[in-house]
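Below are the chains, spelled out letter by letter.
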Amino acid sequence: MLKDKIQQIALQAQKPARYVGGEYGSVIKDKSKIDVRFAFCFPDTYDVGMSHLGMKILYGLKNARENFWCERVFAPEKDFEKLMRENGIPLYALESMDPIKDFDFIGFTLQYELCYTTVLNMLDLAGLPVRAKDRHGLYPIVVAGGPCVCNPEPLVDFIDIFILGEGEEVNLELMDLYNEMKKKGASKEEFLIAASKIGGIYVPSFYDVEYNDDKTVKAITPKNGAPQKVTKRVIKDFDSVYYPENFVIPFTDIVHDRAVVEVLRGCIRGCRFCQAGYIYRPFREKSVDTIAKETKALCDNTGYEEVSLSSLSTSDHTKINEMLNTLADYTDKEQISLALPSLRIDNFSEELLEKIQKVRKTGLTFAAEAGTQRLRDVINKNITEDEILSTCKTAFEGGYNSVKLYFMLGLPTETLEDIEGIAVLTQKIVDLFYEINKGKKGKTVNISISTATFVPKPHTPFEFEPQATEEEIKERQKHLLDCISTRKIKCSYHNQNVSLLEAVLARGDRKLCDVIYEAWRLGCNLDSWDEHFNFELWQKAFERCGVNPEFYANRKRSFDEIMPWEHIDYMISKEFLIRENKKARLAITTRNCKEGCSGCGIKKECGGVYCG
Amino acid sequence: MVKDYIDIRAVFSKEGRAVFISHLDLMRTMQRAFKRAKIPVWHTKGYNPHVYIMFPLALSLGAESECEIMDFGINMDTPMTPQEVADRLNSTLPQGLKVVRAYAPQTSHKLISAAEYEISFFSDEPVKLSEELKNYLSQQEIPVEKKTKKGGVTAINLKEHIKNPEVKAADDRVLLKVALPAGVEININPQLLIDSFLSTSSAPISNVSVKRTKILDLNGNIFI
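Line order of the protein sequences matches chains E and L.
When the count follows our numbering, it moves up by one through the first sequence with no breaks and lands on 612 for the last residue.
When the count follows our numbering, it moves up by one through the second sequence with no breaks and lands on 224 for the last residue.
Read the hints as simulated data drawn from the structure, not as lab findings.
All values reported here derive from a predicted model rather than from experimental measurement.
One or more of the hints may lead you astray.
[Said to hold, decoys possible] Label-pair restraints from in silico Cβ distances:
| id | chain 1 | residue 1 | chain 2 | residue 2 | range |
| --- | --- | --- | --- | --- | --- |
| 1 | L | M1 | E | E173 | 53 to 61 Å |
| 2 | E | E168 | L | V184 | 34 to 42 Å |
| 3 | E | G601 | L | D87 | 28 to 36 Å |
| 4 | L | S206 | E | S492 | 45 to 53 Å |
| 5 | E | H532 | L | I186 | 37 to 45 Å |
| 6 | E | A328 | L | M1 | 25 to 33 Å |
| 7 | L | S199 | E | W529 | 32 to 40 Å |
Built from N, CA and C at the ideal position, the CB exists for glycine as well.
Model the full assembly from the supplied sequences, consistent with the hints where possible.
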């Protein structure tokens with residue numbers, strides 16, 4: 001039996017508990033009573049994938065249906081993959097330990113671009129042809145969702161169906177349709193045609209893409225009755241949307257090992273570089289009652305000693321103080337700690353600080369993003385230096401002595417003056433610390449600056465912008481180091497080659513399918529891990545396919561260029577993006593949704609708190 | 001500080017998929033099970049209070065056990081009988097972990113001095129293998145290298161530590177029952193014996209499994 005075989009070899013791998021399932025909260029069903037089996041694949045290791053909230057939601061949602069069974073699948077680390085291949089073990093699901101090639105659906109969640117080769121590797125490890133056109137039967141249908149499908153074009157050769165936007169409704173609609181058609185003996189083609197009529201379902205093989213001589217897209221033409229544009233799905237009534245009352249509790253230590261409650265979705269801010277800020281619009285929130293109820297259920301059922309509130313910006317909840325007071329009453333009593341990531345600098349009050357302190361004094365992290373006010377205005381990061389300093393002051397007075405700051409390099413219109421601004425601002429924070437702790441012995445401060453290279457993303461006002469070249473980034477990194485004069489400030493950088501590859505894949509077109517395939521054939525897998533990332537292999541893949549990465553990453557795109565994702569509608573209108581891009585050039589900020597609507601294109605019917 | 005809890009000792013089994021839970025992971029797994037079971041378990045008093053549990057004896061990853069021990073406290077102001085603690089835990093433990101009994105301990109865990117194991121060597125030639133194993137065990141001296149806590153190695157005579165070995169051949173395996181030192185003073189991992197024997201054996205072996213069956217005190221009685 002496959003199960004026995006897996007258990008025998010598992011002990012030879014690092015952390016074998018990741019490969020055998022059996023965790024508390026995992027859902028086991030009688031497969032003879034199941035109509036549709038879904039293998040939910042996270043294209044990264046167990047430790048990363050098990051931390052992902054979206055998977056927990058959709059796992060619970062699908063398993064709540066009696067006739068569906070959703071199981072978890074992760075990418076094996078390289079040591080276990082080797083053992084699997086040597087022992088003829090195909091990729092299996094953790095609940096039943098059955099091979100996933102026999103499932104009805106294989107679903108991937110695409111959270112970051114660097115997981116693409118892992119998707120191919122998992123399909124191959126499952127014993128399936130990686131290209132969609134080579135999989136002829138009705139099942140398994142390979143689907144993909146998650147933020148990266150807002151430009152799915154680099155993966156169209158491998159995936160049968162992309163699911164755009166929020167999955168709570170559309171996943172069930174798709175599975176119900178499949179169940180109905182499978183019983184009638186439908187073919188894959190017939191199912192895909194029917195599926196393409198569901199809102200938010202994108203069947204890439206139903207679209208022909210033509211290119212201009214300059215390699216830009218000339219036209220995207222649907223066939224088989226598929227819509228000209230596929231619009232993302234949005235949950236209108238967010239307060240009553242399904243939320244799991246239990247999680248699968250891992251044995252091994254994973255990245256985020258705690259209860260998580262989603263308090264709001266979408267973001268009101270409109271920072272111009274931030275894809276999440278646009279593709280998850282509109283801003284919707286859960287009521288304090290719902291949040292409290294879900295927190296209690298989840299903590300009771302999981303036994304976690306820590307609960308974290310999840311959102312893009314928790315402090316933007318309209319009833320943040322009431323929410324925290326209600327939650328603190330419960331968590332204090334149950335000896336559970338409450339974590340609040342995603343707080344914004346501008347509304348980081350003393351009261352809030354006190355609440356986080358009550359539970360745990362973790363480090364403070366601020367995403368300042370740019371070093372000067374001018375550049376912060378360009379990117380519409382509406383915080384001022386005064387706000388940053390006053391927040392640091394509150395924190396230092398509260399006993400904090402380390403602060404982490406995030407900045408981006410290579411933002412549109414950036415000059416060396418802006419780089420110097422990072423050093424100047426950071427120095428002011430250091431000075432502030434010593435001013436507050438004047439006369440106190442042994443007090444020292446640690447400021448770490450983490451700089452990432454800006455990656456222009458689809459559906460943002462900067463989707464037209466070139467990414468800075470390696471030379472430009474190197475010059476700016478060097479300048480930043482030259483401007484820092486104290487050892488209290490530590491500076492770290494992201495890998496430049498990673499940022500370049502992200503830029504290529506994020507805004508790529510269908511020609512990248514061959515590159516990804518080639519890179520995988522050359523051995524690329526688990527690219528998001530520093531120890532596995534091999535840029536030389538990627539370069540070889542680009543060369544072999546005759547594709548120039550700079551065409552995608554470093555080229556300025558005109559406003560009238562047809563983007564590879566022109567037919568993928570995330571409800572943010574191109575007119576709005578162009579308007580925002582022009583304002584960015586002039587360093588004019590845009591008000592947030594709470595202050596007033598700026599006409600991004602999101603429809604009123606989507607249930608946004610501030611929409612109409 | 002005034003002791004504000006009642007000591008409880010639980011004996012639990014670990015089998016099936018639970019053998020893949022490492023010692024460190026077992027701590028987390030139990031802490032969460034206590035929370036889920038709403039047992040008024042004593043929490044540490046630090047800045048981040050957490051459920052306090054002590055496992056006096058580690059079990060190797062991959063080994064089964066019928067008799068693992070954990071010590072913890074129940075808050076004095078909200079007492080609960082050991083039986084109820086056991087029942088509640090069993091209702092919320094992951095498959096493969098089961099509390100066999102719980103009681104108020106009479107002895108310190110420091111009295112643990114040995115453990116008994118059943119080691120199965122799976123083989124197509126059990127008769128040959130059992131002869132090899134008997135010969136191996138009847139040697140005057142079995143020199144092995146044992147890892148020290150500091151990361152070095154020290155040479156020991158394994159023979160001195162092997163107590164009451166019994167070898168039995170079955171259809172598909174050879175079963176070795178043996179007691180080895182366990183506890184604070186000296187601890188011999190059965191894997192040391194397995195590796196040492198395997199390096200001398202010529203019979204084909206497809207798999208080896210280990211099960212801890214008893215934990216013994218200084219006098220060779222079952223530790224309670």
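Are there hints from earlier that the structure breaks, and if so, what are their numbers? The structure breaks hints 2, 3; every other hint is satisfied.
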